[in-house]
Structure formats: C-alpha cells, structure tokens
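Residue numbers (the working numbering), protein chains in the order written: chain F, 306 to 628; chain S, 306 to 628.
The set of hints was computed from the structure by calculation and includes no laboratory data.
Backbone N, C-alpha and C define an ideal beta-carbon position, used for all residues, glycine too.
DEER-style ranges, computed between Cβ atoms:
| no. | chain 1 | residue 1 | chain 2 | residue 2 | range |
| --- | --- | --- | --- | --- | --- |
| 1 | F | R462 | S | P587 | 23 to 31 angstroms |
| 2 | F | K466 | S | S426 | 36 to 44 angstroms |
| 3 | S | G411 | F | K579 | 44 to 52 angstroms |
| 4 | S | K363 | F | K579 | 47 to 55 angstroms |
| 5 | S | E628 | F | S573 | 39 to 47 angstroms |
If you want the building blocks of each chain, they are given just below.
Number of protein chains: 2
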Amino acid sequence: MRSTILIFVSLLLIGLIQFIDIKGTGESGDKGYVIVLHGGAGEMNRNTPDSIKNAYYKSLTEALTIGKKILEEGGTSMDAVEKVINYLEDNPDFNSGKGAVFTAEGTHELDASIMNGRDLSCGAVAGVKHIKNPISLARMVMEKSPHVLFAGEGAERFAEKTGIELVSNDYFHTQQQLKKWEERSKKDKNGTVGCVALDKTGNLKEGTSTGGMSGKMSGRVGDSPLVNAGTYANNNSCAVSCTGWGELFIRNTVAYNISALMEYKNMSLQEAVKYMIHNRLPESSGGLIAVDKNGNYAAEFNTTSMLRGIADSKGKFEIKIWE
Amino acid sequence: MRSTILIFVSLLLIGLIQFIDIKGTGESGDKGYVIVLHGGAGEMNRNTPDSIKNAYYKSLTEALTIGKKILEEGGTSMDAVEKVINYLEDNPDFNSGKGAVFTAEGTHELDASIMNGRDLSCGAVAGVKHIKNPISLARMVMEKSPHVLFAGEGAERFAEKTGIELVSNDYFHTQQQLKKWEERSKKDKNGTVGCVALDKTGNLKEGTSTGGMSGKMSGRVGDSPLVNAGTYANNNSCAVSCTGWGELFIRNTVAYNISALMEYKNMSLQEAVKYMIHNRLPESSGGLIAVDKNGNYAAEFNTTSMLRGIADSKGKFEIKIWE
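Excised from the complex, chain F in its bound form (with noise of 0.2 angstroms):
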C-alpha cells in the first residue's frame, strides 16, 4: 500500500515537472518559437582554411540573432523569415541576391518564393535580373497582387509599381562567384539560402532564395521559386526550405512531400526528413530544414556540408557546417 502511494506521488511530481518545462518554453502563457535558416547544402571540405569558415560562422550568427530578436519580441515568423533572408541576400558570400553565381551566358537570375503556412498562400519570383532583394519582391506578389509567381520581365514590371528596389545586373557580379565560373565549378553547389520559422502564435513560414545552379541556361527555373517543390509552409504539418539539385528536388515533390508524409503516413518530421534526403534522393542531391508546428525542427543533408543555424524560445542556438 505504501509502495502504492509512493508510485502515486512520483507520477504527480513527474507530471508537474513536465507542466512546469512546457510554461518554460514561451512567456506569460504564449507558445515558444523557433527558427532555422540554411546558407546552402554543398561539398565543403572539412579542412577549410579557418579564416573563410569563421566568416561563415560569423554571417550565420548574425543573421540567426535577426530572426532570433523579432521572434523574442513577438513579431511574426513572416517578418523574421523575410528578414533573416534580406540579410544573407545583401552578404556576398551566400548564392542568393549580392552574391548570385552566373548563368552561363555570364549574367545573374534570381529566383525566390515566401509561404503563410496559416492559409496556404503564396508568392514567388523567377529569373528575375535587377530585384536586389527577391524574398522581399515574393512577399510582394503574396500579398499584393492575384496570382503566385511571377516571371522575368513581368515580374520587374510588378515590382515597379510596388516600390520595391531595383539595381543593376551589373550589381550581382562579385569576384567569388566570376572565379567560380571561370573554373566552371560544378561541385560546389553551397549558397541557396532559406528560412523556416515557427511564432509565438502558432504560425508556419517559409522562405527561399538562390542565384540558381552555377552555369545554368539562361530563363532555367529550379525548385527555390516553386512552391510544393524547394518550398512549403502549411500551419497543420511543417515549414519546409530546401537547397541543391532543384530538378531532382521538382521530380520528387520533396517540400510538400515532408508535409503529405506527416499528413497521410503519420510520419513524425524527422521519420519524413530523413526518408526524403536518404531513401528518395540519391546522394549528394542536397539538404532542407524544417520545423513543425509543435516546434520540433530537422536539418538533414546528403552532401558533405549544410551551412545552417537554429535557435528557439527555450535559449539553443546553434550554427554548423558539417556532422
């Protein structure tokens, strides 16, 4: 009887203390939040000269604390997400804005696409060649005008009207990126940069955006733009940014399949991640991150190195490169 009793209290203090770790997690009753941003999946060598992985480290860390703040605050997982981006496309080292890699006709397209998981709308840019900043053009054609995405000179045109900035091609070329097509590099596919955020009040978004695959064909559209494909947000699953191969990344839905899988097999996100990088694409195809709508988050790769960063409400931050 004792021994009874002695289990009882031990069940209640066990459930008291898990009450007591959920109330941690978020302020004056609100829910916690969480973000995780990617700089890119690629084939980095381990053995990187300190100086070019500190400025890494250094670049992610500042972007995260962007994203980080707004959340703190209370500011919605929207802005944290565009503006978490709108910082890695102003920083030259990132595949995606400033640092955009070239066509092979020596030019920059840009492609970029923002998603509410709350309500499932959407808005994205493809090709476009003088937006300084497509995430911010994306969140334009969500919430500005009917239609979902935009392409080439349309989508500039669009952009007139909405006073978003405009530059020059010219702005685009950095020494990086001429070197690396200068070498023709194909294996270093590093630069796409995304976001997934998850606010205090529930609410899913995404964000993605890439100069394209090095050396592509002028007007070749991949996965970042296309929502379902490199992207997706729904409140009911996940938030989803991938970064890679994006025709492999079409052909296989991989963005929305993370969220049907959760949906329809009951997978928990991680179970989905992984089954999507490790059985359905075949290796050094990429990466993506995630967070679901209970705040679990995921970071998988089948390439060498994913930069990438995560921090959230109950004080982890965190930014790696390999492992």
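Based on the hints, put chain S in the right spot on chain F.
Same frame as chain F, now just chain S:
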C-alpha cells in the same frame, strides 16, 4: 466427392474465362490502353447554341481520334499526348497555342508542361511569346536539356537551338479571344488543354498547354507549367492534368496530391480525385482528368462544364461537356 470435382471444374472455368477476358483487352499479349483529354473546365451554359457545341464535339473527336490511333498501333503515350495537344494548340477554339487568351497588356504568354511517369522526367516552359506549339518545346526541355523549367526569353533561345517553330506574337491574336478580352470576361475559364494516357507497355504520360488566365498580368505563371501543381505523372500511381484557377491548384498541390493520396492513403483514383475536387478546392475553381496504372480513369470538375473525351482499347469512345 462428385460435388468437390464439380466445384474444382467450375473454378477452373471461371479462371479460364477471366484469363480470356484479360487477354481480350489488348492484342497479342499486350495490355490495354486508355487516353483521356480535356479542353478546359468552365461555365459553359447548357443552352449554348448547337453550332458552338457541335464545333467543340467535332474538335474533341478529332483530337481523341489522333491519340487513339497512335496507342492502337502500339505508339507511346508520350507521342499520343504530344500529338493530341498539338492538334488542340493549332485549333483556335481552345485557350492554348493559336487560341491563347490575351494578357492585361493585350499580348499572349503561353505555358506548357509534359511528364513521363516511368522516370519522373519532365519538361516545362512558362511565359513564351513566340512558340507555335509550347507542348513540343516542353518535350524538348525534358529530352534535350539538363533542366526542367525554362521561362520567358531563355525558353525561346533554347527553342531556337532545337529547331522548334517560332511565330510572331500576332499569330495568337484571334477574334474569339479578343472579344472576351474586350469584355473582360472573368467567368469563362474554358480552354486550357490537357491529355493523360496509359500505353500498351504500361507507361503513364501527361501534358498540359495553356494561354493562362484571361487578362492575367504579364509575367504571371499559373499551374499548367508547374509539375506537382497542375500536372503530374508517375507509373506507380497515376497521370493527372488540371484546368482552372491556377493559383488555387498551386496552393493545394492538386496534381501531386492525387498520386500521394493513392500511394500514402491507399485511396482509389476516383476517391482521390473526388476528394481533391469537392473537398479541398472551393466551388467553381476547375477540374482535372486522370488515369491510373491499372487503366482506371477519372474526369471531375466543380464548374458547370468541362470539355473532355475518353477512349480505350475496349472500344469506349466518349465526348462530353456537362454531367
């Protein structure tokens, strides 16, 4: 004992009859074929004059006959899909190729895609202005480029290299579409064309071609050139071609969802199609055609009408607008 023998003989006979029946669906050991096409979902009134109705019946019959003949003679579902759509693209009564709608700016921008269910290879073009038969360019993208989707001028430069016929944008000016554009008719969504087919070797293919939404903003890309949204084919499940309000089909991943519901939830083709059209999409948003790996087919819509036809190796040959 006598009754046991009787049952055994009966079972043998039933088995033999079934075997004969199966053999009867194809020729010399081949499996049967199925082809389904659509000429767009919309709000065509049942009181439409006979002259207009009969013109549609005639065109759809001619298109279906082209595809049936190719499959009958053992041709591939890829050739059947391309040639059926070529016919509809050249016919000014459909919103694809020659009969493409006008954009808000009074020009024409066409989209098309094609997908091979055997290996998930696919090709698509978006926003092309000078391609007589966009579906044939989409096939070239699939077969002759390392990419999946080309937009705008890049797509046309690729066309020049592959010998695909280019025309002036004026080629697409038709009196029918000019009248609709001048009336700013939003109600008539009829016109996108699509075709799905299962050939005698068991391969599933689909193709979709469109002038897009009447009065769309220049640069707008709908669901037709987006694999997963408006089009999908996979030999493990089905081939799908959608028609309707593209933005809703993108957000709801309609084409791929038919496949996912079959693969992950064990739904039949009919169940998956009905669920997406009547439970996931809002009323009056459009329709789709689909055929599965076993030769089952579906044609479902939540608008008033959908121009469509179906033919198979068992002798079925049907053209419908309503019901």
